[in-house]
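Number of protein chains: 2
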Amino acid sequence: MRAEILAVGSELLLGQILNTNAKFISEQLAILGIDVYYQTVIGDNEKRLYDSLNLASQRSDIVILTGGLGPTKDDLTKETVAKLFQTKLVYDKNALFSIEQYFIKRKMKMTENNKKQALILEGAEVLVNRNGMAPGMLFKKDKKMIILLPGPPKEMEPMFVKELVPLLEKMLLNRGKITSRVLRFFNIGESALETRLETLIDNQTNPTIAPLAGNGEVTLRLTVKHEDDGEAIRLLDATEKEIQAIVGDYFYGYDQTSLMKQVVQQLKMEKWTISCAESLTGGMFASELTSFSGVSEIFSGGTVAYSTKEKEKQLQVSKEVIKQDGVVSESCAKEMALGAKKLYESDIAISFTGVAGPDKQEGKDPGTVYISIVGKSGIANGYTLSLHGSRNAIRDRAVKYGCYYLLNEMKRWKSSNDIF
Amino acid sequence: MRAEILAVGSELLLGQILNTNAKFISEQLAILGIDVYYQTVIGDNEKRLYDSLNLASQRSDIVILTGGLGPTKDDLTKETVAKLFQTKLVYDKNALFSIEQYFIKRKMKMTENNKKQALILEGAEVLVNRNGMAPGMLFKKDKKMIILLPGPPKEMEPMFVKELVPLLEKMLLNRGKITSRVLRFFNIGESALETRLETLIDNQTNPTIAPLAGNGEVTLRLTVKHEDDGEAIRLLDATEKEIQAIVGDYFYGYDQTSLMKQVVQQLKMEKWTISCAESLTGGMFASELTSFSGVSEIFSGGTVAYSTKEKEKQLQVSKEVIKQDGVVSESCAKEMALGAKKLYESDIAISFTGVAGPDKQEGKDPGTVYISIVGKSGIANGYTLSLHGSRNAIRDRAVKYGCYYLLNEMKRWKSSNDIF
Chain A
1 MRAEILAVGS ELLLGQILNT NAKFISEQLA ILGIDVYYQT VIGDNEKRLY
51 DSLNLASQRS DIVILTGGLG PTKDDLTKET VAKLFQTKLV YDKNALFSIE
101 QYFIKRKMKM TENNKKQALI LEGAEVLVNR NGMAPGMLFK KDKKMIILLP
151 GPPKEMEPMF VKELVPLLEK MLLNRGKITS RVLRFFNIGE SALETRLETL
201 IDNQTNPTIA PLAGNGEVTL RLTVKHEDDG EAIRLLDATE KEIQAIVGDY
251 FYGYDQTSLM KQVVQQLKME KWTISCAESL TGGMFASELT SFSGVSEIFS
301 GGTVAYSTKE KEKQLQVSKE VIKQDGVVSE SCAKEMALGA KKLYESDIAI
351 SFTGVAGPDK QEGKDPGTVY ISIVGKSGIA NGYTLSLHGS RNAIRDRAVK
401 YGCYYLLNEM KRWKSSNDIF
Chain B
1001 MRAEILAVGS ELLLGQILNT NAKFISEQLA ILGIDVYYQT VIGDNEKRLY
1051 DSLNLASQRS DIVILTGGLG PTKDDLTKET VAKLFQTKLV YDKNALFSIE
1101 QYFIKRKMKM TENNKKQALI LEGAEVLVNR NGMAPGMLFK KDKKMIILLP
1151 GPPKEMEPMF VKELVPLLEK MLLNRGKITS RVLRFFNIGE SALETRLETL
1201 IDNQTNPTIA PLAGNGEVTL RLTVKHEDDG EAIRLLDATE KEIQAIVGDY
1251 FYGYDQTSLM KQVVQQLKME KWTISCAESL TGGMFASELT SFSGVSEIFS
1301 GGTVAYSTKE KEKQLQVSKE VIKQDGVVSE SCAKEMALGA KKLYESDIAI
1351 SFTGVAGPDK QEGKDPGTVY ISIVGKSGIA NGYTLSLHGS RNAIRDRAVK
1401 YGCYYLLNEM KRWKSSNDIF
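Order-wise, the sequence lines are chains A and B. Quick note: the first sequence uses our numbering, first residue 1, plus one each step. Quick note: the second sequence uses our numbering, first residue 1001, plus one each step.
The set of hints was computed from the structure by calculation and includes no laboratory data. Treat the hints with caution; some may be incorrect.
[Unchecked claim] Restricting the straight-line Cα-Cα distance to at most 20 Å, the calculated cross-link-like pairs of lysine to aspartate or glutamate (EDC-like) are: (1) B:K1144 to B:E1079; (2) B:K1141 to B:D1061; (3) B:K1154 to A:D396; (4) B:K1342 to A:E312; (5) B:K1143 to B:E1125; (6) A:K105 to B:D1061; (7) A:K109 to B:E1194.
[Stated by the list, open to error] A short list of chain B residues far from chain A (calculated; beta carbon distances all over 12 Å): (8) I1025; (9) S1026; (10) R1048.
[What the hints assert, rightly or not] A few chain B residues that don't get close to chain A, going by computed Cβ distances all over 12 Å: (11) L1029; (12) L1119; (13) V1182; (14) Q1266; (15) T1303; (16) S1318; (17) T1384.
Glycine included, C-beta positions come from ideal geometry on N, C-alpha and C.
Using the sequences and the accompanying hints, generate a full structural model.
This is the structure we're talking about:
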């Protein structure tokens, strides 16, 4: 099954926004085992939309459109689909009701053009929009499947996961059943991972093993074809066991998790509290941590000690360390972590100091990063990194490494009860 | 002149990376006044690349390809262009030399396949790659212009700006000259802005006025056609003046700026220092602020006081306020801002408290946000918001509103010297 994605919106062609929808949908379809052959962006222009849709529906089985479902004259997506497939647009009562509710809830007056959003392609399955007004649609004609989704990611993403995926999965049962599992690795490059698993990858047919790299991580996607769920899982388990024996040191989680998500899960599970002291990351660690709900039980707080003065004042970094080693040093990182642990009275503290760039600092190159972690033992461990890339890539990688080291330390603490 | 962008790379179709190149190039071309009609992503597949390139070069004047210039068998871009336009690939001596230097500098052994990167389309102008090995190319044939750029953004972006833009500008002088200006607005919706400017937008022909919304902001793009630079700017100024008279209260900056960028610029200009106290935003304000280089001169530091205890301990929020109004309150926000200002001895402090969700807190709905700002006067101003969306959308919007209020307060302080 071939799919392609058509994103509609002049703001994309003007470079005002990133097409995060295409990435999200591609990633989700990859998980479902559906191949994406093209991603296309077109403006709010009827002729070009018609031509692109026509081409897409000739060469692919599934065409997913994002955007152009809104109330204004610019929004042409469903009108164009209706025209190409010679189908009527009809009002959906439920959609109309929830659009009215949307305005009532917000105590706003509904203008007439908003009703347009309740028009759907006759015969289409409606995908409920719980985060906005325009409903999505799954429309089938001439053995083609046309899926229409709203443009704003905060509407599209939950609709995709909660409304569309179950529908697609139901349909996928008609063909060979596929079960997959993604293993996530950090601190090892794609080629290094591939080299170490070469024999296994080459000889393995069911499940297949596909390595992928991105965002400074490597993932392995195991895909098994088997009608029986239990047998599928046994096959996946067996292959995973072989992989873990070779590169298990770099493994950190399954499927759609992230390093920070794993950190949050572990902390919640162990009921350990954490605090942080940040210099070059400037609050990024705390911000990512608090992007998860319910972290108040494990996160005490954090200090962004950006200046030398604040490192001394808030975190009690000693004058000797600053004089001898500078603020870009392992000893400063350690004292920052110890300072945060004391200040926030947490079980664990993590600190980040370094050079985000673009200029050198204290004679050290951009990308020089020191991370320190202290647990209940009160002994701070230090980690040194030399990262490459832009200022924000360096900050982002530093936070990822911080999470990775935290996961490793927590694993160690759990296996040696005397420390924690 | 019509342009389109073809990004080549299976990792894009797998959703592993975002197509930031398409956004960057579209943005740059918009500045040059070149319209982008399509963005397409194709995998590392010769046939589909050939077909897409064929279609693109039929319907557009300029086709910009990114990716597929590397040393491996997967990299097919220039080979496919050569095939379609029946052109030879020849070694470029300078490119070959700099590839060899690349390896010498890094003390690495050069493998034979790296030489492939020095092959260029016969007759093409070479775009030097100062951040990687594969050179870019500008190739003209049959009145079409085909531009080949490397895939990694850190190679592509500087090549685009430093090598390609001067070449394109030279060519563009031959046609009608376009000058444009983007005005950015916050705290007003797209339809509200459009309604208030309706007569102006409808009657205005040179410059034209195009409204666009995205990321919770609205922009107006003014585009003027005039051969004379001075006259073009006078026309833009006159139209902008009319717009500012109607919706100037919501205006915050020009072109590629952002709310936080404006905050940083203003602080640097006035040499004012800032600190922050964050609860629901959890470090996001500090993290965004420190994403800009050189902020150490204006940013003292910040405290993420996530728990009630830390609000009391670090920021000296009083027990009375917590008991009477709770931590999700205007009075708590004010005390947090005052506490941060005192703790960090900064000129200005900003605080954020509220309910990020998904659950209610202290009986208040997700999206309830209190922001407070205190300047030299020592009097804290409070702002209350009811935001909608996911946990992270609420946090993100809260930070944007914080920046917007900061800009307004700074404007006020500057115009009334007695306060600051």
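Cross-check of the supplied hints:
no. : hint               : in the structure
1   : B:K1144 to B:E1079 : holds (17 Å)
2   : B:K1141 to B:D1061 : holds (11 Å)
3   : B:K1154 to A:D396  : holds (16 Å)
4   : B:K1342 to A:E312  : holds (16 Å)
5   : B:K1143 to B:E1125 : holds (15 Å)
6   : A:K105 to B:D1061  : violated (49 Å)
7   : A:K109 to B:E1194  : holds (17 Å)
8   : I1025              : violated (7 Å)
9   : S1026              : violated (3 Å)
10  : R1048              : violated (7 Å)
11  : L1029              : violated (8 Å)
12  : L1119              : holds (23 Å)
13  : V1182              : violated (9 Å)
14  : Q1266              : holds (18 Å)
15  : T1303              : violated (6 Å)
16  : S1318              : holds (18 Å)
17  : T1384              : holds (16 Å)
Going down the numbered hints, you'll see the structure goes against 6, 8, 9, 10, 11, 13 and 15, while the others check out.
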